[in-house]
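J.: Read off the chains here:
There are 2 protein chains.
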Amino acid sequence: MDALLEAVKFNEKGLVGVIIQDYESKQVLMMAWMNRQALELTISEKRAWYFSRSRNKLWLKGETSGNIQKVRSIRLDCDGDAILLEVDQIGGACHTGYRSCFYRIEESGAWKEDGEKVFDADAVYKK
Amino acid sequence: MDALLEAVKFNEKGLVGVIIQDYESKQVLMMAWMNRQALELTISEKRAWYFSRSRNKLWLKGETSGNIQKVRSIRLDCDGDAILLEVDQIGGACHTGYRSCFYRIEESGAWKEDGEKVFDADAVYKK
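If you read the protein sequences in the order shown, they are chains S and B. Just so you know, numbering that gives the first Met the number 0 puts 101 at position 102 of the first sequence, and the rest follows in order with no gaps. Just so you know, numbering that gives the first Met the number 0 puts 24 at position 25 of the second sequence, and the rest follows in order with no gaps.
Take these hints with a grain of salt, some might be off.
Chain copies aren't distinguished; within one or between two, either way the pair holds.
In silico DSS-like cross-links for lysine-lysine, where the CA-CA straight-line distance does not exceed 30 Å [as the list claims (entries may be wrong)]:
1) Lys125 with Lys8
2) Lys56 with Lys8
3) Lys25 with Lys69
4) Lys12 with Lys45
5) Lys25 with Lys45
6) Lys8 with Lys116
7) Lys25 with Lys8
8) Lys56 with Lys125
9) Lys125 with Lys45
10) Lys111 with Lys12
11) Lys111 with Lys8
12) Lys125 with Lys69
Hints are computed from structural coordinates only; laboratory data are not their basis.
Kindly generate the complete structure, drawing on both the sequences and the hints.
T.: Structure representation (structure tokens):
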């Protein structure tokens, strides 16, 4: 495990960027950040843990919403500063209720929403 | 175009993270960074432009190698700080000669190479 972690280039904040992709559909679901501990937990538990930059703490994806990510593979890029997870995503990845966080697509110089809503964010997060 | 750019949250260095995915296979090819000008060029030319943090300059992907990325779609995530491109990738995306930069996969706590080499990096970059 030490050699594995040594190949990862955490940035000046101790974080590495993570791309999360659906294992079956290959849809890109979200981008997040991990610190060393989040990566260790993700490897050992095969559930996705991240580091929340806004809340400044470790975060088990799906802890509040139940939308857990079961990890199927973990990849590292050529220069060691980006990780790619393939996951089985329960429910939706996005806190807005969309399946993917990338629900806006560029059309003629503007963003248009075209994503798939899979849960009611207000109900899930008790807003 | 101004409203489109306003929705993008560039970080303290003026950059936004970009995930690049193959349009046909949906394979994630690389992660890179764009500044505002790179995003404007990418939208107008439908070829991927990035900002190189190591060389501190704009960078047309494929300028040296010929491995241009023709852009098929541009997506923005929920909080505006990550972009997803779908591209037609000529040759390989990775400077090492692999099709994807994510050619290392975790197996039993170590990284194992399993990617597909599609060009000779030494020949292409005249090392």
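J.: What are the numbers of the hints that this structure violates, sorted from low to high?
T.: none
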